[in-house]
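Q: Here is what each chain is made of, one letter per residue.
There are 2 protein chains.
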Amino acid sequence: MRVLILGIDGYIGHSLALHLLKKGYKVGGIDDFSRRRRVTEVGSNSLTPIASEVDRDNLLGTFNDFLGRTRLYLPGKLEAVKTILRHYEPDTIVHLAEMPSAPWSMMDALHSFITQSENIVGTLSLLWAMKEVCPTVHLIKLGTMGEYGTPELDIPEGMIDGCLISKDYGPCPLDRLPFPRSAGSFYHLSKVHDTHNIIFACKIWGLCSTDIMQGVVFGLNEYSSPEEITRFDYDEYFGTVVNRFCVQSLIGHPLTIYGAGGQTRGYLPLKDSLQCLTIAIDNPPSPGEYRTLNQFESTYSVNSLAKLVTECALDLGLKVDSGPIDNPRVEAEKHYYNPVHQKLFKLGYVPTTDIKGEITKLIGQLDAFKSRIRPNVILPKTKWR
Amino acid sequence: MRVLILGIDGYIGHSLALHLLKKGYKVGGIDDFSRRRRVTEVGSNSLTPIASEVDRDNLLGTFNDFLGRTRLYLPGKLEAVKTILRHYEPDTIVHLAEMPSAPWSMMDALHSFITQSENIVGTLSLLWAMKEVCPTVHLIKLGTMGEYGTPELDIPEGMIDGCLISKDYGPCPLDRLPFPRSAGSFYHLSKVHDTHNIIFACKIWGLCSTDIMQGVVFGLNEYSSPEEITRFDYDEYFGTVVNRFCVQSLIGHPLTIYGAGGQTRGYLPLKDSLQCLTIAIDNPPSPGEYRTLNQFESTYSVNSLAKLVTECALDLGLKVDSGPIDNPRVEAEKHYYNPVHQKLFKLGYVPTTDIKGEITKLIGQLDAFKSRIRPNVILPKTKWR
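In the order they appear, the protein sequences are chains A and B. Throughout, the numbering used here is defined as the position within the first sequence, counted from one, plus 42. Throughout, the numbering used here is defined as the position within the second sequence, counted from one, plus 42.
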């Protein structure tokens, strides 16, 4: 099985590449290293000291030259993308090459333009290249549970599979329409736009795609040498909430709960994300099929996560306060949340249920890098309004 | 009432400007004249000889210098857009400044990139400028009925206002979620993306917007001098179906019915579009409200339109054949179609119901420009697959 990872230098991309290589898959990838640049630009760093671009190439040992630095989203790069597909001949493409931060996309107009145009044109470029070079290859696209928002009703896996009762018309069967999306940032909206574009490409060109609505990932990858460790962001832009809380606990910073803390989302450890992506790789959809997987272990509110991190930190002898702060986002701070997530379980996903154990382990791992923490990147500066 | 029209040089933009000026509104506008350029690039022309850019400025007499040629979609132009809003102080903004052609967007990868990035970034730019300069101004955005696709169930006006019965969960109220979109081209998808972005901007910034899902427009504007006439496209890219059929009937070209001809859409004459837009201008939504209007007079299949045009042309002594051709698009050629369109009627829209009279009048008007028809732009060259 030959897997092409777009965004192979990232948090998940690097971890997935090593995970697959160790399992005997052939792995190639591209990256424009924009994540490294953007984290530097916001004044932060990866908490883990990651290998240089060149050392990562050597470590993976799978890059050809032309599989190196390619900017997927530049229209002029379409021919380069087609050349990569033609020469690498992947069975599966895992598309992680997008700008992944909600606050970054909300910083100002320019950041929203870059987020949406890069993510949309990058994905369109990939779709056109696949159509012309390898229309039967399985495309795995990383979306986000955030596409659905918090609609105050049960969230299915992608499509509505039910019946609509409207005041005007009575019951109408819903013919595999996408569940309405209510995303909460220009970044999350860019993923919604991708979803609509991919559904259309599958319909008209017969491409086959797994669109993964992933929950919030936390933790580190398994590493047997320092070069294998993945990047770990903890700033307001590129850090996700559990990772940020764990770092805050290490330096005695009050956990930054935004607003009332009732915001509930699906979460999963990084190793589960790798497990699920591998399941998706091993179990492609039918030719021409567009399939959605809701990928997370369980749902937690921000308050319950803060409580878990606090308990784990206390067990490790750390003293932690929680510090509710004005919510920089516009979002429901208390809401109903019940998304379906059955398909991955049916395909064999065995979730890590010991979330406290995972958090305790993570804080322990991060302690080695404590001196690298930059406290000034912790508090949120970007506001939605 | 001060109205700012973005895309004031276009088919609807020019007509709306004159219509409003004659009714006593103040009108300003911007345009980058890309429609003129793109029609030339595909080898076609406006069937009507339209005034030069300079003459149109003089005719309208409302442009300031900086209200001239501005490319809304260039990130670097955000400050220019804000300056225009600050100096012009509109009460209403009518946003028509988008690439409007489905086949053009499907020509190749590059055309899909341009369509989506220009339309999305242009609208985002406007939203950010409004947020910063004039957040209470009424934004009227031209969307398309094509956003909904043909979902085989009744289509409401924008939001779902009903109850979802799903197999897994039983009944759930739908809390004003957008009706799922199933657009049929990268152009139509760009409008879907706009819709999602605008809903979000209204939610987080309190902007107020009317999002118009317009049917297919046909016909000419009322003109009292040659300079007042609007452009009229009849090529495969920028011509709409009734306009194309009328031109074909004038030169004895078989009417180009794509596939089985059962494709059904909402239609309205240009003068009704102007009437409806004026109603929307005069009746803004509440502050912070996002409102959808489905704007069309009635639904027709392509076959029934071909029949109507044939009958009208025969009455005028023209001989017309219909020539079914392979459908270049991927679309249902026979389907259920029943969209709601109540809100504009409730606001006072009196539709033109004599569609045959309109078509007969149009063919008569176009006869004066018959010698300008370029027959080689009629048959479709762009295929969806």
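You may find that some hints are simply not true.
A pair holds if it fits inside one copy or across any two, identical chains being indistinguishable in the list.
[Claimed, not checked] Taking lysine-lysine and the DSS-like style, the derived pairs with C-alpha atoms no more than 27 Å apart in a straight line are:
1. LYS245 - LYS376
2. LYS245 - LYS423
3. LYS173 - LYS425
4. LYS423 - LYS173
5. LYS388 - LYS245
6. LYS425 - LYS119
7. LYS423 - LYS349
8. LYS423 - LYS124
9. LYS403 - LYS64
10. LYS361 - LYS245
11. LYS425 - LYS124
12. LYS423 - LYS119
13. LYS245 - LYS349
14. LYS64 - LYS388
15. LYS385 - LYS124
16. LYS403 - LYS68
17. LYS385 - LYS361
18. LYS68 - LYS423
19. LYS425 - LYS245
20. LYS68 - LYS173
21. LYS398 - LYS245
Since the hints were made in silico from the structure, they are not lab data.
Q: Each of the hints needs a verdict: does it hold here or not?
A: Structure-based check of each hint:
1. LYS245 - LYS376: between (38 Å within a copy, 17 Å between copies)
2. LYS245 - LYS423: between (42 Å within a copy, 20 Å between copies)
3. LYS173 - LYS425: Answer is between; shortest inter-copy Cα gap is 14 Å, intra-copy 40 Å.
4. LYS423 - LYS173: between (42 Å within a copy, 19 Å between copies)
5. LYS388 - LYS245: within (25 Å within a copy, 37 Å between copies)
6. LYS425 - LYS119: between (34 Å within a copy, 23 Å between copies)
7. LYS423 - LYS349: within (24 Å within a copy, 62 Å between copies)
8. LYS423 - LYS124: between (40 Å within a copy, 24 Å between copies)
9. LYS403 - LYS64: within (22 Å within a copy, 73 Å between copies)
10. LYS361 - LYS245: Neither: 54 Å inside a chain and 39 Å across chains, both beyond 27 Å.
11. LYS425 - LYS124: This pair counts as between: shortest inter-copy Cα distance 21 Å, intra-copy 39 Å.
12. LYS423 - LYS119: Cα proximity of LYS423 and LYS119: across copies only (25 Å, versus 34 Å in one copy).
13. LYS245 - LYS349: For LYS245 and LYS349, neither the intra-copy (45 Å) nor the inter-copy (31 Å) Cα distance is at most 27 Å.
14. LYS64 - LYS388: within (25 Å within a copy, 66 Å between copies)
15. LYS385 - LYS124: Classified as neither: same-chain Cα gap 32 Å, cross-chain 48 Å, threshold 27 Å.
16. LYS403 - LYS68: neither (30 Å within a copy, 67 Å between copies)
17. LYS385 - LYS361: neither (40 Å within a copy, 59 Å between copies)
18. LYS68 - LYS423: neither (42 Å within a copy, 41 Å between copies)
19. LYS425 - LYS245: between (38 Å within a copy, 14 Å between copies)
20. LYS68 - LYS173: Intra 23 Å, inter 49 Å, cutoff 27 Å: intra-copy only.
21. LYS398 - LYS245: neither (43 Å within a copy, 36 Å between copies)
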